[in-house]
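J.: The chain contents come next:
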Amino acid sequence: MSANLFHDGVDILHGQRRLWSFHGGVHPPQHKHESTNLPVIRAELPERLILPLHQHIGEPAEPIVQVGDKVLKGQMIGRAHEFLSAPVHASTSGTIVDIGEYAVPHPSGLNATCIVIEPDGEDRGLEHPRVGDYLQLAPSALRNLIREAGIVGLGGAGFPSYIKLNPGKLDGIDTLILNGIECEPYITCDDMLMREYPREIIAGLRVMQHALQARVCVLAIEDNKPEAFRALHDAALHEAGIEVILCPTIYPQGSEKQLIKVITGKEVPANGLAIHIGIVCHNVATALAVHHAVEHGRPLVSRYVTVTGAGVSQPRNLDVAFGTPVRDLIIQCGGDPAAVKRLIMGGPMMGYALHSHAVPVIKTTNCIIAATEADIVPPRPVMPCIRCGACADACPVMLLPQQLYWYAHTNDLDKVQEYNLFDCIECGCCSYVCPSNIPLVQYYRYAKGAIWTKEREHEQADIARQRHEFRLDRLAREKAEREARRRLKKASLAKNQDKTPHTEEAVDND
Amino acid sequence: MQFDSPTSPHGHARTSVTRVMLRVIYALIPGIAAYIYFFGWGVAINILLACVVALVCEGTVLRARSRPVWPFITDGSAVVTAMLLALALPPLSPWWLTLCGTAFAIVVGKQLYGGLGYNPFNPAMLGYVMLLISFPLEMTSWTAPQMLLDVKLGLIDAATAIFAGRLPEGLPIDAFTMASPLDTLKTQLLLDQTVSNVIATSPIFGNIGGKGWEWISGGFLVGGLWLIYMKVISWHIPAAMLGALFAVAAIFYLIDANTHATPWFHLVSGATMLGAFFIATDPVSAATTNPGRLVYAAGIGILVYVIRAWGGYPDGVAFAVLLMNMTAPTIDYYFRPRVFGHDRK
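Protein chains in written order, with the working numbering: chain X, 1 to 510; chain Y, 1001 to 1345.
Treat the hints loosely; a few may be bogus.
To be verified - Part of the chain X face toward chain Y, derived, beta carbon under 10 angstroms:
| hint | residue |
| --- | --- |
| 1 | Tyr134 |
| 2 | Asn166 |
| 3 | Pro167 |
| 4 | Val268 |
| 5 | Leu400 |
| 6 | Gln466 |
| 7 | Phe470 |
Derived by calculation from the structure, the hints in this document are not laboratory data. Values in this document were obtained by computation on a predicted structure and should not be read as measured data. Even glycine gets a Cβ: it sits at the ideal position worked out from N, Cα and C.
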């Protein structure tokens, strides 16, 4: 353990649970301290807030407002109809001026449906009913409250949280892990959040623990965030059943399956979920959002966003209302959008490059890196693979990246699956360490896409074939029915043959 | 406003093929220094000559194949091949021997298979074996270590010997050449001598192996350990190869110490250390999964002993490496690591 933390002269790491490790991982340059020097302030409201209806994993919300409507901060403007979905709320008071297609943060650079609000500048909030004692609420009512607050996983994935607060068939889960790892370089929003709201995060964790009936809660923080650790350690000092632990920094420790391995020594089965082994993982920011929703009735309308990179002169964290365009944040942090070479949403290892700075901050936006030449290594020529195995040594899933690369390269889609392509978490460690500069992850994304396309085509071909078979069946059935009718008729006519012989001839000639 | 938008990861570790190869070259230095110290300037001349030939061949073939020349000339892989081959040659080999071997290694062993990353066999060992089969006399006339010589050859003398085939006035070639320790042992054992007898009577043997060879092997060991420390190579191949060689040698030594050399002798003789850390670890032609590497390198270790003890050649590293190169794809197929979240099969 590199950080040596003392509290009142006592090593506070003494007695910490045994930690495990996962295979591989890398130590990219941190670049975290740049954005932790300035205090967190609220980002200014832009002229227009652009709120995509799809800010999470699952089905998009459906708009329940119309152009011209006046809305208040926290008012629901998009309703979630599906199970796997989350509602969207107005992040300030104002007028709905448009519902239409706008650029959204997505690697494709495609547009999606957004609700546009023109703020009235008053930032008037909706009166939310207070919940009172959540312990009196039925777990299902508590989950519904969290769902209606629009809370999704704020670590970056955006999975609707209420689903992950359901112990399912279990009476309760074994371990609830609160992820304060934040292993990607540059990103510090969770760090700042933990420093500023330790008590509230612990309170949110208690709500989650109640919903899941978790036996043990573990709050994990990497040892590059000693301030956050200290704050949470102190906040949880007299809380029974909550362990705040410090983990040695390594990327990608924040990945759910890797973190579970580190803390419990257990591996989530390849095609299974964490809950199958009695573990659930949530992000610290999600816990805070849950606390706000339960304690104050406040829906999720803003979040901490790290704005950093050499393209801004004052890298810092901002409390940003959802829908605020990225451009406004860069300007507010002393950056010139024109001087930025690459705009990355998320971290440098897994984040994606934005096509435009007009895209808004959404629920899953944890970081904006306004990158210049200083942040990005200029692309070096791609050399042939020398089979050195550095990728396999770095892979946290113990895959064989170079084998996957060979098969993806030659489009052998069966082989890539045999080599467990779909266990790849796209963390980027293999590409990061490749001495030949091969963009390995890109090959895996391509292969995954190709397989999905092929499967869809198969499905469609199956549907078409089924349809064709149904038609043949129907035609055969109809023919058989006609035949049967005809035979019936013939038979009935045969009975009357003596009486009406001419009719039978007429039928035969039919 | 448009930004460039490649996909993640957006950063990259400070590494490159050139960097990897440069480290291999640095790691060779202690062994080379010891080699020059004990066997004279001929070693250095061989290495330089091989490097020049390798780069010229590499560039010429790349040009003929319409491939970019500069990135591949500067990747360092041709230089590493040349150095490994030159280190396997007798110190006063005629220049054409080095030229033929290096040209064969680069052109046939590497470029004709598709160049960097595509050669199924270790190019340096292919070049070496071609020379050994074609020119057995030149390939086995080894120079005696300097401490056993009355006269020492200077840089000029060595160059004259290599390029003009002339030794200083009045000196017969026999004054410089001598069978290598492995060769001596093999020949004497065939004459029904005991190991202890051979070692006691021949001046070329030192404490555990051949005089000078102990230090050269030590130099390669130090460089190799540094490569493991720098994570250029993993420990699996050297450990498995040395371990297997040691184990097999120990078994036969325990069975009959009169006709089998000590395991220590095998570890410090011939190309064992160079092979374990620099040749068998050539990533392109080796097995690539960690469990596979253990099997692959253990195979080399066993074959080295088999060839030394019962084969037709005094040393067996080159043949052992080439034989196991053939099996590498199959080994990789059968020895895969368990994937996270999957059961052990």
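J.: A separate judgement is required for each hint: does it hold in the structure or not?
T.: Here's how the hints hold up against the structure:
1. Tyr134: violated, 34 angstroms
2. Asn166: violated, 22 angstroms
3. Pro167: It is violated, given that the least Cβ distance between proline 167/X and chain Y is near 21 angstroms, above 10 angstroms.
4. Val268: holds, 6 angstroms
5. Leu400: It holds, given that the least Cβ distance between leucine 400/X and chain Y is near 6 angstroms, below 10 angstroms.
6. Gln466: Cβ of glutamine 466/X sits 34 angstroms from chain Y, so the hint is violated.
7. Phe470: violated, 40 angstroms
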